[in-house]
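Undergrad: Listed below are the residues making up each chain.
There are 2 protein chains.
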Amino acid sequence: MKIYKYPDKKGWSGIIQRPMTDYSALEKSVKKILQKIKEKGDKAVRKFSKEFDGVDLKNLQVTEKEINKASTLVADDLKQAIQQAKDNIQRFHLAQKEEIKKIETMPGVICWRKSKGIEKAGLYIPGGSAPLFSTVLMLAVPAQIAGCKEIILCTPPSKDGDINPAILYAAQLCGVTKIFKAGGVQAIGAMAYGTESIPKVFKIFGPGNQYVTLAKQVIQQQGVAIDMPAGPSEVLVIADDTAFPEFVAADLLSQAEHGGDSQVILLTISETFAEKVNNAISKQVKDLPRKHIAEKALKNSKTVICKTIDEAIELSDLYAPEHLILACNNAEEAATKINTAGSVFIGNYSPESAGDYASGTNHTLPTNGYAAMYSGVSVDSFVKKITYQQLTKEGLQNIGNTVMTMAAAEGLDAHKNAVAIRLKN
Amino acid sequence: MKIYKYPDKKGWSGIIQRPMTDYSALEKSVKKILQKIKEKGDKAVRKFSKEFDGVDLKNLQVTEKEINKASTLVADDLKQAIQQAKDNIQRFHLAQKEEIKKIETMPGVICWRKSKGIEKAGLYIPGGSAPLFSTVLMLAVPAQIAGCKEIILCTPPSKDGDINPAILYAAQLCGVTKIFKAGGVQAIGAMAYGTESIPKVFKIFGPGNQYVTLAKQVIQQQGVAIDMPAGPSEVLVIADDTAFPEFVAADLLSQAEHGGDSQVILLTISETFAEKVNNAISKQVKDLPRKHIAEKALKNSKTVICKTIDEAIELSDLYAPEHLILACNNAEEAATKINTAGSVFIGNYSPESAGDYASGTNHTLPTNGYAAMYSGVSVDSFVKKITYQQLTKEGLQNIGNTVMTMAAAEGLDAHKNAVAIRLKN
Numbered sequence: 002m003k004i005y006k007y008p009d010k011k012g013w014s015g016i017i018q019r020p021m022t023d024y025s026a027l028e029k030s031v032k033k034i035l036q037k038i039k040e041k042g043d044k045a046v047r048k049f050s051k052e053f054d055g056v057d058l059k060n061l062q063v064t065e066k067e068i069n070k071a072s073t074l075v076a077d078d079l080k081q082a083i084q085q086a087k088d089n090i091q092r093f094h095l096a097q098k099e100e101i102k103k104i105e106t107m108p109g110v111i112c113w114r115k116s117k118g119i120e121k122a123g124l125y126i127p128g129g130s131a132p133l134f135s136t137v138l139m140l141a142v143p144a145q146i147a148g149c150k151e152i153i154l155c156t157p158p159s160k161d162g163d164i165n166p167a168i169l170y171a172a173q174l175c176g177v178t179k180i181f182k183a184g185g186v187q188a189i190g191a192m193a194y195g196t197e198s199i200p201k202v203f204k205i206f207g208p209g210n211q212y213v214t215l216a217k218q219v220i221q222q223q224g225v226a227i228d229m230p231a232g233p234s235e236v237l238v239i240a241d242d243t244a245f246p247e248f249v250a251a252d253l254l255s256q257a258e259h260g261g262d263s264q265v266i267l268l269t270i271s272e273t274f275a276e277k278v279n280n281a282i283s284k285q286v287k288d289l290p291r292k293h294i295a296e297k298a299l300k301n302s303k304t305v306i307c308k309t310i311d312e313a314i315e316l317s318d319l320y321a322p323e324h325l326i327l328a329c330n331n332a333e334e335a336a337t338k339i340n341t342a343g344s345v346f347i348g349n350y351s352p353e354s355a356g357d358y359a360s361g362t363n364h365t366l367p368t369n370g371y372a373a374m375y376s377g378v379s380v381d382s383f384v385k386k387i388t389y390q391q392l393t394k395e396g397l398q399n400i401g402n403t404v405m406t407m408a409a410a411e412g413l414d415a416h417k418n419a420v421a422i423r424l425k426n
Numbered sequence: 002m003k004i005y006k007y008p009d010k011k012g013w014s015g016i017i018q019r020p021m022t023d024y025s026a027l028e029k030s031v032k033k034i035l036q037k038i039k040e041k042g043d044k045a046v047r048k049f050s051k052e053f054d055g056v057d058l059k060n061l062q063v064t065e066k067e068i069n070k071a072s073t074l075v076a077d078d079l080k081q082a083i084q085q086a087k088d089n090i091q092r093f094h095l096a097q098k099e100e101i102k103k104i105e106t107m108p109g110v111i112c113w114r115k116s117k118g119i120e121k122a123g124l125y126i127p128g129g130s131a132p133l134f135s136t137v138l139m140l141a142v143p144a145q146i147a148g149c150k151e152i153i154l155c156t157p158p159s160k161d162g163d164i165n166p167a168i169l170y171a172a173q174l175c176g177v178t179k180i181f182k183a184g185g186v187q188a189i190g191a192m193a194y195g196t197e198s199i200p201k202v203f204k205i206f207g208p209g210n211q212y213v214t215l216a217k218q219v220i221q222q223q224g225v226a227i228d229m230p231a232g233p234s235e236v237l238v239i240a241d242d243t244a245f246p247e248f249v250a251a252d253l254l255s256q257a258e259h260g261g262d263s264q265v266i267l268l269t270i271s272e273t274f275a276e277k278v279n280n281a282i283s284k285q286v287k288d289l290p291r292k293h294i295a296e297k298a299l300k301n302s303k304t305v306i307c308k309t310i311d312e313a314i315e316l317s318d319l320y321a322p323e324h325l326i327l328a329c330n331n332a333e334e335a336a337t338k339i340n341t342a343g344s345v346f347i348g349n350y351s352p353e354s355a356g357d358y359a360s361g362t363n364h365t366l367p368t369n370g371y372a373a374m375y376s377g378v379s380v381d382s383f384v385k386k387i388t389y390q391q392l393t394k395e396g397l398q399n400i401g402n403t404v405m406t407m408a409a410a411e412g413l414d415a416h417k418n419a420v421a422i423r424l425k426n
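Chain order of the listed sequences is A and B. The numbering of the first sequence is the numbering used here, which starts it at 2 and goes up by one. The numbering of the second sequence is the numbering used here, which starts it at 2 and goes up by one.
Identical copies go unnamed one by one, so any copy, or any two together, can satisfy a pair.
Here are the simulated SDA-like pairs of lysine to any residue, each with C-alpha atoms no more than 25 Å apart in a straight line: (1) Lys-121 to Lys-386; (2) Lys-11 to Glu-40; (3) Lys-39 to Met-21; (4) Lys-425 to Asp-288; (5) Lys-386 to Leu-319; (6) Lys-39 to Ala-26; (7) Lys-300 to Met-21; (8) Lys-70 to Ser-198; (9) Lys-386 to Glu-312; (10) Lys-29 to Pro-230; (11) Lys-33 to Gly-224; (12) Lys-150 to Glu-315; (13) Lys-121 to Met-21; (14) Lys-277 to Lys-394; (15) Lys-300 to Glu-315; (16) Lys-277 to Asn-426; (17) Lys-117 to Ser-14; (18) Lys-29 to Pro-208; (19) Lys-300 to Thr-273; (20) Lys-386 to Gly-148; (21) Lys-117 to Asn-330; (22) Lys-87 to Gly-412; (23) Lys-80 to Arg-92; (24) Lys-115 to Leu-316; (25) Lys-39 to Gln-222; (26) Lys-3 to Lys-297; (27) Lys-70 to Leu-58.
Just so you know, these hints were derived from the structure itself, not from any lab.
Isolated chain A (complex conformation) (with noise of 0.2 Å):
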């Protein structure tokens, strides 16, 4: 990790910097891809899961044996854990369900807003290096509670056009409707489309690489609504001389195995403690399956010498964090003062796999700087928001000069008059 120094703020623009690579070139190999599954449907899903997964697959939907079979082939200790998870992620979500305040702005004037579930509901699961099955929990629990009516899921299969019993498992658990063998862009212009056998969906959530955040954004300009921008994933530390240098070693590694485009910052106010985490890091490094993916990303990755916290807090808003870990004296006090960042780990025991997985919050987070202007994801993401109002004849006799008055000053005579009308009356 490259280490830096007390610097000051004329510096921090430099050291916020995110390792950015431009994928505008695939655009229009994307686009042509979409454009070929709204042409052709089916027959296009197949065609490219044939040439980029290498698979020719007959269904795409997963059947109900499949289904059933997958449930016997996950051990139970996992099943155990993702049930866990499960209740864990439920708990927490439960609680964002709004329930309707009936308001009465003025005498007679009464106003409220209800949640209704998104009716149809699309969940990209990508395959590769690891069956993100954590993600099935992340997306489908929330979903559910929200109360949409239709919850798919398309995933890639693999050469033989098998799906990860895992990823089939929590899937049927966390009550997603149908399971759909598609990945890449494929899976996701079928979802923004429709095609024979998968259903059109009104928003697209999920993870996957530059090719599917691509065709995501393509999809969001054609009118279909997708969860969040992607980027990289990151974490960044803020730590003192009262955390302990594994640990935050091992945070930091947590994230830089994820990808080697991933971000791993850390901001201390110690130069002992930040030469004691990359000696820890050297050495927890060698014995991971995917050290080589981690040492890429710890390339891109910083080690920021504060002069305070307070200032390692300032520097660490204006990076915006998917996640923070705050492994520092008084760290739920330091929470307080934090503005900017997707999910906030306080103290030395919350480590963020714990929230990757189980605790209860969603792993679904604005990264890429995002967390400035986004949530990450939530029972929220799943609704829309109803807004309805209610006036009496006295209501509307309250409130009638007001509108009459605004109306005429906006030049939109036939908003007053609907108005007058119902007074004359």
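Got chain A; can you put chain B on it based on the hints?
TA: Quick look at chain B alone, frame taken from chain A:
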């Protein structure tokens, strides 16, 4: 209005078609303007203001003096009306503030979430035929409640470099921090990239013409958030013989006068009622100053005779109207059956214009079918919700195996280690 009598469901997809115009041809010129703003800042903003608004601006920012002068130019009754509307909007939106709920998902594992105002919000208020000071209230009031630190507003000046006094008055009343004379694509670009005088913001809100809409789409791809995709305004009315034809006609016209591309739809179960409404429209439209706009909009508009109110509700949900007026028997009960709409107006004395100005609900709503997956603007739109978790030693012991088992199954050993190393300690 075109009349459809008892169409069967096969015909519905045709009925819910909206008049669509493809503006993608404008994208190239929009991107060119944005690029110039990015490169040349204020200089480019001035250049395009001269070119498009025909005004040569020295200073882009509205001065204290101009704001004070404006408030002397607004009539007292309008000031009172604006104040009343602001109070109602504030009362309704204050109830959207989320209090912190700490959830112990399992012993020693405490999770919560906290809303923080998006630090820099940009509001765009279009110029043109109507000075939309009401939209200033609808955007600035929730921004202030959310706790946005910087709330800037851009709106195009008149040929003599002035801004409508009511817009300036509403802006200062609702805590807008800076106001700038800039319109169209150049305003969106300035807020997205920042210029010498106009600060860069994290999220841009507000209506606009097709150029503004396209510009917002483009900068969204570049990492600046926007409120929602835009489209022509629309209202759908569900009515039966218990409604007043003149009221319904007035409501349809109040939407039709917005723009030639607006759409108004009447669903009713009574042919005679439909006739009465259409007659009332012909009578009322004559006296409207914006007659020609309304008549153009009526050409896109439809009356559908349905078999039952429940069928009308089903058709309405499929259309996903921005505004929905329920002027039928048991309107309140009908409201509970609605799945998809932006804002719902219940009963004969709840005209759309009440919500457009002063009832308290927000008038920035999902149109063009987006009500199926987007919500109207609310306090939510101006915050990001940060999640927090704090685990005690015991908490980590309780959740540890779950996390380690799942991490191992996903092949993410460093995630597992982050827990193991702590439990070993």
